[in-house]
Amino acid sequence: MSEIASHAAPPLPVVADKLKFYGLWVAAAVALVLLPWIFTSGGSLTTFSLIGISIIFALSYNILLGQTGMLSFGHAVYYGLGGFLAIHSINIISANKLPIPLPLVPLIGALTGLLFAALLGWVSTQRSGTAFAMISLGVAELIASSALILRTFFGGEAGISANRTKLLKLFGWNFGPQIQIYYLVAAWTLIAVIAMYALTRTPLGRMCNAVRDNPERVQFVGYNPHAVRYLAFCFSGFFAGIAGALAAINFEIANSAYLGAVQSGTVLFATYIGGVGFFIGPIVGAIFVTFLSLGLSDLTPVWQLYFGLIFIAVVVFAPGGITGLFMMHRSLLKAGTLTRVLPSYLVTLVPTLAMIAGLILSIETIVHFTENPGEDSHIKAFGVSFDAASPYIWALAAALLIGGFLVARKTWAFVGQAWDGATSVAREKGIAA
Amino acid sequence: MSAAIELRGVEKRFGEISIIKNINLSVAQGERHALIGPNGAGKSTTFNLISGYMAPSSGSVLLRGQEISGLPPYQINRRGLSRSFQVTNVFANMSVWENLRCAVLWSTGQRYAFWKNIDNLPEVRERTARILADINLTARRAVPAGLLTYAEQRALEIGITVAGGADVILLDEPTAGMSHAETERAVTLIRRLTEGRTLLIVEHDMSVVFGLADRISVLVYGQIIASGRPEEIRGNVKVREAYLGEEAA
Numbered sequence: 034m035s036e037i038a039s040h041a042a043p044p045l046p047v048v049a050d051k052l053k054f055y056g057l058w059v060a061a062a063v064a065l066v067l068l069p070w071i072f073t074s075g076g077s078l079t080t081f082s083l084i085g086i087s088i089i090f091a092l093s094y095n096i097l098l099g100q101t102g103m104l105s106f107g108h109a110v111y112y113g114l115g116g117f118l119a120i121h122s123i124n125i126i127s128a129n130k131l132p133i134p135l136p137l138v139p140l141i142g143a144l145t146g147l148l149f150a151a152l153l154g155w156v157s158t159q160r161s162g163t164a165f166a167m168i169s170l171g172v173a174e175l176i177a178s179s180a181l182i183l184r185t186f187f188g189g190e191a192g193i194s195a196n197r198t199k200l201l202k203l204f205g206w207n208f209g210p211q212i213q214i215y216y217l218v219a220a221w222t223l224i225a226v227i228a229m230y231a232l233t234r235t236p237l238g239r240m241c242n243a244v245r246d247n248p249e250r251v252q253f254v255g256y257n258p259h260a261v262r263y264l265a266f267c268f269s270g271f272f273a274g275i276a277g278a279l280a281a282i283n284f285e286i287a288n289s290a291y292l293g294a295v296q297s298g299t300v301l302f303a304t305y306i307g308g309v310g311f312f313i314g315p316i317v318g319a320i321f322v323t324f325l326s327l328g329l330s331d332l333t334p335v336w337q338l339y340f341g342l343i344f345i346a347v348v349v350f351a352p353g354g355i356t357g358l359f360m361m362h363r364s365l366l367k368a369g370t371l372t373r374v375l376p377s378y379l380v381t382l383v384p385t386l387a388m389i390a391g392l393i394l395s396i397e398t399i400v401h402f403t404e405n406p407g408e409d410s411h412i413k414a415f416g417v418s419f420d421a422a423s424p425y426i427w428a429l430a431a432a433l434l435i436g437g438f439l440v441a442r443k444t445w446a447f448v449g450q451a452w453d454g455a456t457s458v459a460r461e462k463g464i465a466a
Numbered sequence: 101m102s103a104a105i106e107l108r109g110v111e112k113r114f115g116e117i118s119i120i121k122n123i124n125l126s127v128a129q130g131e132r133h134a135l136i137g138p139n140g141a142g143k144s145t146t147f148n149l150i151s152g153y154m155a156p157s158s159g160s161v162l163l164r165g166q167e168i169s170g171l172p173p174y175q176i177n178r179r180g181l182s183r184s185f186q187v188t189n190v191f192a193n194m195s196v197w198e199n200l201r202c203a204v205l206w207s208t209g210q211r212y213a214f215w216k217n218i219d220n221l222p223e224v225r226e227r228t229a230r231i232l233a234d235i236n237l238t239a240r241r242a243v244p245a246g247l248l249t250y251a252e253q254r255a256l257e258i259g260i261t262v263a264g265g266a267d268v269i270l271l272d273e274p275t276a277g278m279s280h281a282e283t284e285r286a287v288t289l290i291r292r293l294t295e296g297r298t299l300l301i302v303e304h305d306m307s308v309v310f311g312l313a314d315r316i317s318v319l320v321y322g323q324i325i326a327s328g329r330p331e332e333i334r335g336n337v338k339v340r341e342a343y344l345g346e347e348a349a
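Protein chains in written order, with the working numbering: chain L, 34 to 466; chain Y, 101 to 349.
Do not rely on the hints blindly, as some may be mistaken.
No more than 30 Å apart at the CA atoms, straight line, and that leaves these computed lysine-lysine pairs for DSSO-like [to be verified]:
1) L:K367 with L:K443
2) L:K199 with L:K51
3) Y:K121 with L:K53
4) Y:K338 with Y:K121
5) Y:K216 with L:K51
6) L:K53 with L:K130
Sample of chain L residues lacking proximity to chain Y, with all beta carbon distances greater than 10 Å (derived) [as the list claims (entries may be wrong)]:
7) N257
8) A260
9) W427
Covered by chain L, according to a simulated footprint, are these stretches of chain Y (three or more residues, beta-carbon under 8 Å) [to be verified]:
10) 301–309
11) 323–337
Derived from the structure by calculation, the hints contain no laboratory data.
Please read these numbers as outputs of a predicted model, since none were measured by experiment.
Glycine included, each C-beta is placed from N, C-alpha and C at the ideal position.
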C-alpha cells in the first residue's frame with residue numbers, strides 16, 4: 034500500500050472492529066438457539082418461524098427495492114414457485130425414498146426462484162422505474178392466474194399438500210414437532226441473512242447501489258445497468274425461493290395465495306415500513322409486520338384497514354421507515370443532545386395518542402354500522418367494550434379526534450423546534466445530521 | 101498513427117431537424133482539444149454522439165481508428181473513452197469514496213463479481229485513494245456526494261471521469277458556474293489529470309480555452325467552421341464574425 038493510499042483511503046478495520054463484527058453474528062446465532070427456551074409455548078415457536086421466513090423474504094425484496102432501486106409488485110411469484118417446487122420435491126423424495134433430508138429442500142426452492150427470475154427477469158430488468166413495476170405486476174398476474182388454471186401442478190383452490198416427516202431422518206429428527214421446524218427456519222434465516230449481507234459488500238452489490246442512484250452514469254464507468262439489474266433480480270429470486278420453500282415446509286402446503294398480490298403487497302409493506310435504506314430495515318419490518326398482522330387480527334375485524342393506515346403514515350411522515358427514525362437520532366446521541374428532544378416527544382405523545390384513540394373509536398363505530406347494523410351495538414375492539422350506538426361515545430370520539438389533532442398540531446411544531454435546536458448543536462460539534 | 105478521435109461526416113437529426121450537420125473532426129493522440137461555439141451550436145450533442153449516449157443518424161465515429169458509432173456507452177467506456185457531464189451527474193446517495201470506487205471497478209477487472217469482498221481488493225483501494233487525493237477531497241471522503249458543495253461536486257465529476265484510467269477524456273463545461281478562483285483550481289486539476297492523455301473539452305470560458313488547448317475547433321449551427329491552433333482561431337475572420345466577437349478583441 035502506497036503513501037497516498039494509506040492516508041487517503043478510509044482506515045481498514047482493526048482487530049477490535051472485526052471482533053465486534055463477528056461477535057454480532059455469533060450473538061445473533063446464540064440468541065436464535067436460546068429463543069425457544071425463553072418463549073416455550075407452541076404459539077411463539079410458530080410466530081418465530083413465520084418471522085424468520087418473513088425476514089428472508091423481505092431482505093430478498095430489498096435487494097431489488099433498497100439496493101438496486103427497483104419497485105416490484107410481483108415478488109411473491111418467486112416465493113410461491115419456490116414453495117410449490119418444495120412441496121412437490123417433498124412428495125417425490127418420500128415416494129421414491131431418495132436420500133435427501135428435509136433441511137436441503139429450501140435449496141430446491143432457491144434454485145426454482147433463481148431459475149424463474151432468470152427466465153422472467155431478462156425483459157423486465159431492461160428498465161427500472163415504471164416500466165419495471167408494470168411488467169412485474171403483469172408477470173405476477175400471469176403466474177397467479179396460471180396457478181388456478183394449471184390444476185395438476187398447482188392443485189387449484191385447495192393447493193398441494195405434503196408430509197414433511199416422511200423424509201430421511203437427520204440426527205433422529207423427523208421435523209414433525211414445531212421446535213425442529215423452528216431450528217430449521219432459524220438456521221436458514223441466519224445463512225440467508227449472512228449471504229445477503231455479504232452480497233452488499235461485493236463489487237456487484239456496490240454497482241447495484243450505483244444503478245439505484247444513477248443508472249445513466251453507470252454506463253459511463255463501464256457497466257451495463259441492465260446486467261446489474263438482471264443479476265440483482267436473479268439473486269432476489271434465489272432468496273425469495275428459500276423463503277417460499279420454508280413457508281411450504283412450515284405449513285406442509287402450497288396454494289395459490291403464495292403467489293398472489295396480497296403476498297407481494299405484504300412484502301412491500303414490511304420492507305418499506307422497516308426502512309429500505311438500511312440493511313437491517315427489512316428485518317425490523319418483517320418482525321413488526323408479522324407481529325402486527327398476528328396481533329391486530331385478534332383485536333379488530335378490520336385489521337387490514339389499520340395496516341394500510343400505518344403504511345400511509347410511514348410513507349408520509351417517516352419515509353426512512355422505523356429504522357430510519359432510529360438512525361436519525363444517532364447523530365444526536367453522539368453529540369449528547371438527545372435529551373433536548375426527548376421531553377418534546379413526551380409532550381406530543383399525549384395529544385397524539387388521544388387523536389389516535391378518537392380515530393380508532395370512529396373507525397370501529399362506522400365499521401359496526403356499515404358491516405352489521407342490525408346487531409347488538411355493544412362491541413369490543415382492542416379489548417375495550419363500548420356501545421357504538423351511544424351519542425356519548427360519538428361525542429367522545431369526535432372530541433378526542435378533533436381536540437387531539439388541534440392540540441397535537443401545536444406540539445408537533447414544538448418537536449420541530451427542539452429537533453432543529455438539537456441538530457444544529459450536533460452540527461456545530463462537527464457531527465453530520 | 102491514427103487519431104484518438106475522428107468524426108467523419110457525422111450527422112444527427114431529430115425528426116426533420118438536423119442538429120449536427122456533417123461534422124468532420126480529428127483529435128490527435130495526446131492533444132488537448134477544445135470545442136467552442138455559441139449556445140445551441142451542438143457541442144453537447146457532439147459529446148453525446150462520441151460517447152455513445154446517442155447514435156449518429158449517418159457518418160462514423162472512430163476511436164483510435166476503430167468504428168464505435170452505435171455501440172452502447174459502457175462498451176465505448178471499456179475501450180478507453182470516458183466523459184463528464186455538463187450538469188453534475190454523480191451517485192448522490194453514495195459517499196465520495198464509493199463514487200470513485202465504482203468508477204475504478206471495471207477497469208481493474210472486477211466485472212460483476214459477487215464473490216469478492218470489496219474492501220479486500222488492494223488495487224481498487226490504491227487507485228481510488230490516488231484519485232481521491234488527486235481531486236483534493238480526502239477530508240470529504242465519507243460525505244454523500246449529494247451533500248457536497250457545487251465546486252466539490254464538479255471536482256468529483258472529473259474524478260469519476262478519469263478514475264477508470266481512460267486515455268481519451270471528454271469534459272463537458274467542467275468550470276461552468278464556478279468562481280474565478282475555483283476555475284483556476286479546476287484548470288490546474290484538469291491539466292494535471294489529463295497529462296499524457298487525449299482531452300476533448302467543451303468550454304465557454306475563453307481564458308480557460310486559450311490557456312489549456314493545443315488546438316481548437318469552432319462549432320456553429322451543427323458545423324465545424326474552423327479548426328486550428330489557438331492563434332489561428334483567434335485570427336480567423338469567420339470565427340470572429342460568428343462567435344468570438346468582442347471577447348477575442
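#### Entry: Hints the structure fails to honour
2, 3, 6, 7, 8, 10, 11
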